[in-house]
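Since chain R is already given, all that's left is putting chain E on it; use the hints.
Those protein sequence lines, which keep their order, are chains R and E. When we follow this note's numbering, the leftmost residue of the first sequence carries the number 38, and every step to the right adds one. When we follow this note's numbering, the leftmost residue of the second sequence carries the number 462, and every step to the right adds one.
Please note that the accuracy of each hint is not assured.
Stated by the list, open to error - Capping the alpha-carbon separation at 25 Å, the derived lysine-lysine pairs in DSS-like fashion look like this:
#1 E/K577 x R/K53
#2 R/K247 x E/K1274
#3 E/K1274 x R/K53
#4 R/K84 x E/K1274
#5 R/K84 x E/K1246
As the list claims (entries may be wrong) - Derived CB-CB ranges, DEER-like:
#6 R/E360 x E/D1186: 52 to 62 Å
#7 E/G560 x R/P273: 54 to 64 Å
#8 R/P362 x E/T812: 22 to 32 Å
#9 E/G786 x R/E396: 39 to 49 Å
What the hints assert, rightly or not - Chain R regions said to be covered by chain E (calculated; three or more residues, Cβ under 8 Å):
#10 39-51
#11 69-75
#12 80-87
#13 90-102
Bear in mind the hints are in silico, worked out from the structure with no lab data behind them. Quick caveat, the model's predicted, so the values are computed rather than measured. Virtual Cβ for every residue (Gly too), placed ideally from N, Cα, C.
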Amino acid sequence: METVAPFAEAIEEIRKAGAESTRLCFQCGKCDVYCPWNQVRDFSIRKIIREAAFGLTEIEGDDIWRCTTCGSCPSICPRGVGQIEIGVAIRRVAAEYGMFPESVSAVRNASASLVAEGNPLNAQRATRAEWAAGASVAPFAEETDYLYFVGCYFSYDPRMKKVAVATANILNRAGVSFGILGSKESCCGESIRKTGGEQEFRDLAKGNIKTFIDHGVKKIIVSSPHCYHTFVNEYPEFMVNFEVVHITQLLAELIEDGRLELDGEYAKKVTYHDPCYLGRHNGVFDEPRQALQAVSGLELVEMPASRDDSLCCGGGGGRIWMETPKEERFSDLRVQQATETGAEVLATSCPYCITNFEESRLGVEGEKAPEVKDITEIIDEVISGKDDDR
Amino acid sequence: MSTEPVTHLADENLGDVMVVGGGISGIQAALDLATSGFKVFLVERAPTIGGKMAQLDKTFPTNDCSMCIESPKFIECDRHPNIEILTYTEVDGVEGEAGDFTISLTKKARYISEEKCTGCTTCVEYCPVEIPDPFNQELSPNKAVHIYFSQAVPLVPYIDESCIFLKDQKCSICEGVCKTGAIDLHQQAEKLQIKVGAVVLAPGYEVFDPKVRGDYGYGVIENVVTSLDFERLLCATGPHEGEILRPSDKRHPHKIAWIHCVGSRNVIEGAHSYCSSVCCSYIQKQVILAKDHDADTEATIFHNDIRSYGKDFERFYKRTENLPGVTFIRSYVSIGREIPETKNVTIRYATDAEGVKEDEFDLVVLGVGLAPPTKVHRLAEQFGIELNAHGFCETNPINPIETTRPGVFISGAFGGPVDIPESVMSASGTNALTGALLKSRRGKLARDRVYPPERDVSEEEVKVGVFACHCGANIGRVVDVPSLVEYSEGLDHVAHAEEGLFICSTDAAQQIAETIREKGLNRVVVAACTPRTHEPLFRDTLREGGINQYFFDMANIREHCSWVHSKQKEDATQKAKDIVRMSVARTINLEPLEEFDLPVNKRCLVVGGGVAGMTSALDLAEQGFEVHLVERSSDLGGMARRIQTTLEGLDVQAFLDDLVRQVYRHPLIRVSHGATITDVSGYVGNFVTTVESEGQIKTINHGAAILATGAAEHRPTEYLYGEDDRVLTQLELEERIAEGEENLIETQSLVMIQCVGCREENTNYCARVCCSQAIKNALTLKAIKPEMEIYILFRDMRTYGFKEDYYLEAARKDVKFIRWEASEKPSVEPAVEEGRQVLRVTVPDPILGSRLAVDGDLVVLSAAVIPSTGSVDIARKFKVAMNPDGFFQEAHVKLRPVDFAADGVFMCGTSHYPKHLTETISQAHGAAGRAVTLLSQDTVTASGSVCEVEENDCVACGACISACAYGAIEFHETPIGKKAVVNPVLCKGDGLCCAKCPTNAVVLKHFTDAEVFDQIDAALSATEWS
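Extracted from the complex, chain R is given alone in its bound form (with noise of 0.2 Å):
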């Protein structure tokens, strides 16, 4: 057994990065047995608290890359550990030093993407608008009720723009008075913040305020839950505090107040997957399923583990951008779940959710696997009784 002693300034350099509260822990093993890595191999934040707490953290090593920021071991850690607040810390330190391995190389990417177009994603910052053509969305202006936050996934990603194209039609059926910013939308900065990109983070985030500010931006409607925590958590920081509301809360709204008829049927069972950032972080668990439940037909399910418990699809904390190697990945043992409870679709409403569902859903062999849907489309089609392809 080597001998080590604390290393004295890498402690302080991580505690002023944001991880004081390591000094708080007495690895009671809490954190490692509601950590959803422990499903799929050993992994322990415990340690890595640890080390953190003595300077002796493996900068370099992939470890600390792993946390998706799921929220659960936090949520019940007995001595309030903030092991979100210490996990980003560390990685801010490594990423001043550029210190990314391999299985991270994808971060510089999205890092440097966010810095020159605004979206972790490759894509040009001119053609952030384009999912709206043809599905009657206005620009944001004074006199609009709602900003209608897009996201960087919801416009850029095949997949997600079908999302945003439901939600537009959504709320123009209730007449909702919303606008978006195109091209001067820029991503939330929730995700880069989390990898340690603290100053990307704060760029965006004052670049989205500004531009939230110049147009009389007051209430805001998201449909990340990523974004959503962001704007009601993080961004209050810069003494800012704009009205957000999730899709999904909304939706709720809508058709609780009649403002929102749902004339059709969705004959089907469906499971509904509560998002780590709508449910666990922000306590939003009851909207998504009124709006589920008042769908004619529709048979709601719950997963074993789902509330606060569910399970995470593995895509928070950046790890979205990330490689996970196949036998390693939350999301198909969430799949699994979702299949033996005999539903037909997978509900949920986030971007990486259903990013990582979809994919996952491609391994299932012999039985079905249901079908992933955001909320707002499976709304869509009892709104308009119209069929899977528009």
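Below, chain E without anything else, positioned relative to chain R:
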């Protein structure tokens, strides 16, 4: 049917003290107060007194049957002329001030008349409504009308609100079947107003309810139960009569998991941040008992520190650990899943180096914590007292029995999670404090116990009554009790034989007394449990029945029979018959014996002038008793002289100076310094102690003694202590800090090592205070020099109770904690680091998986608290016992924590066991409270079962004198020469002298040759005796 409740001013609504809460603490307080001459109202909101202790199966660390040691106290309360018990009663309002409170109460309607009810339970049999039994944690059904538990006091049922009549006015079957017309379905609640001089609040605690947040699947997963549920499952009076059957399929679980800290040590909302103090030990107890029930049980215990800080706890822990099939795993856990086919439950836990594992269990037991009692805010408001941040009673650190309102005192767990001994100590402490407040009223409202006149049976034919007890299922499940009764009826001289379910219950005991009178019985055999717990109760019952109490014998057919032969029912039944036959044979020969009333000298001797001794002395003096305080050193103060502060921030020296000043000023306290006790003789009520002090020799006559001889600090022989002057003990560190902060200028870092000189093979105890002291010193240092690096190297952090909050605070201030295991202790070596001379402490860190080397300018050792050097000699002089670790041995570790087995001598402070200052103060009040129960009497009664010398047969060989450990025999001159004579007051009746005497001159009354030999003969020849 709601009319106004009847307002009813009782004639006797005037008392001295009201004790609110009838658990073990309230009961002890009531008994001590009542015995000391005060009229006590004991108020309890449940249908019976007993509290949580009544729900326990056994108590750690002795594994005594909880009800067996508690229920005799119920009957003591019930029979005590100075105690009025008000059950099913709640407080409505409080007015007045110390010395003059007026308290309004509501006695809820039981719908049963307590006066008419005989406890026959016919109503229970006929009631058609089943409800989940609250006493059995709702794990089994009971009826809407039922007695709370079998030993209830009063032994009267109550009708739960599920009663059909109460809800819909339908059904009154119970009314119809009751033979005495005791059911009153229109009974109203009664309002009472009672005036007292002082109040003792002992409402206890509530158990943390994991159902609220669905912790660990409780309430959803069937085979997840709480520890209190499991306690009932273990208990022979429980849902399955002592068979551990798991909820889902009622099968025996073989693989059981216990989870520590459920609801405790947790900052998340809905849980409590403090440590609940007792769970580590009660879990170990449950493991031991589960294995008693089934030796093949596999037990896994998931924890994060084992808090075995109390007396005998560490041994208990090791005992549990050494049982086969028992595994301790250091990890908090989550529930994996419930397996649908078997309803087994999986648990996920973390290992140091092998990742997260999942294991499957038949049953999971949650170690739930202790929370403030229900409706605590209402109680606090009514009594005008403050609660602390955790919702427990706010107490004064230098007097933990005081609340924020004068005249209102507290005892027990209401002040914070504590174990039973602490609850009993503080209960006795309330006697000391209320006594000071109410001393002018002592005796004015008190009444004496009046027994019926004792019948002279010398001319009567011997008539033995045999009462055979089922003890619920404890005896009844193994021994065929009806057959035993039938057999007994056939024995010679047996005039009456009957069986009972629980003969110790108030009603049954009363029945015995009545049967004695009705049938003219003059001998009684109770075939039941052990005389150790129940002999006094039944002897008292014989007095109630009008015959001499020594006509009683107890046939133990439980510990000696059903409990050890539980799988051999037929043989056990035969053995029970043999035991009863033997008992009857003995009883025939029994003689009536007199007990002695001895005068009580009202002076008290207190040995030891530390905080404990001084506190007791002041308590006694405040109540008007003269006290001699003897201290062997030249100054008062003891160990506290070396302590500056406590975790809670008390200025110890200021407190100490004030205490010393009070002692010197008090006219009733005489202090002797530089004192040596040269001789102690005498007996309870009449001791004579010789003290040499400052050149004088004093002879002190006193009725009681309190030994408070303190403790010492172990001098370490490891970690370079004594070889390198940079290695200190915690006390030395504290002194260095007190001498001046300049001493710390050079100290950039400091390493503390815990458990030095204890928790090892030859010192198998925990010194209790060191974890907290280390944190205290660390926090003091951080306040002076925040940048100082402080490391605490521990085995288990034993910051129990509210001290857990300080552990968290230390972590917040960046004190670093490193755990080590006994298999590889830390090594301490001098080293040089960047030009700086340091001490390098190296120890494996289990989570890092490497050895961690930390440097300190100082190394501070948490050296154990060890017995004081003088205690052995004092123990010998006072003829009191010591425990294996060298601390004083109390009469009963749970229920008599300040009494010695030797009557009239009490103990308190660290001479009993290491403890914190506040705990010492509480125990000192307790010792004084107990001493007062003796000193407030004019006489004390000594046992009649003592030895006597037949002088004509004595040849003065002296063998008896050398055999007696109590000095109870000596020679005296008689007209027929030198003869041995027994001092009946000192004699303990052990009979050693009788065994030694070559001429059979010494006789042990109540165990004469005739009695013993007949008992032996009866054992050997069944036919002759039946």
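Quick rundown of the hints versus the structure:
no., hint, verdict
1, E/K577 x R/K53, "violated, 76 Å"
2, R/K247 x E/K1274, "violated, 39 Å"
3, E/K1274 x R/K53, "holds, 15 Å"
4, R/K84 x E/K1274, "holds, 21 Å"
5, R/K84 x E/K1246, "violated, 29 Å"
6, R/E360 x E/D1186: 52 to 62 Å, "holds, 59 Å"
7, E/G560 x R/P273: 54 to 64 Å, "holds, 58 Å"
8, R/P362 x E/T812: 22 to 32 Å, "holds, 23 Å"
9, E/G786 x R/E396: 39 to 49 Å, "holds, 46 Å"
10, 39-51, "holds (count 5)"
11, 69-75, "holds (count 5)"
12, 80-87, "holds (count 5)"
13, 90-102, "holds (count 3)"
Against the hints set out earlier in the document, violations occur for numbers 1, 2 and 5.
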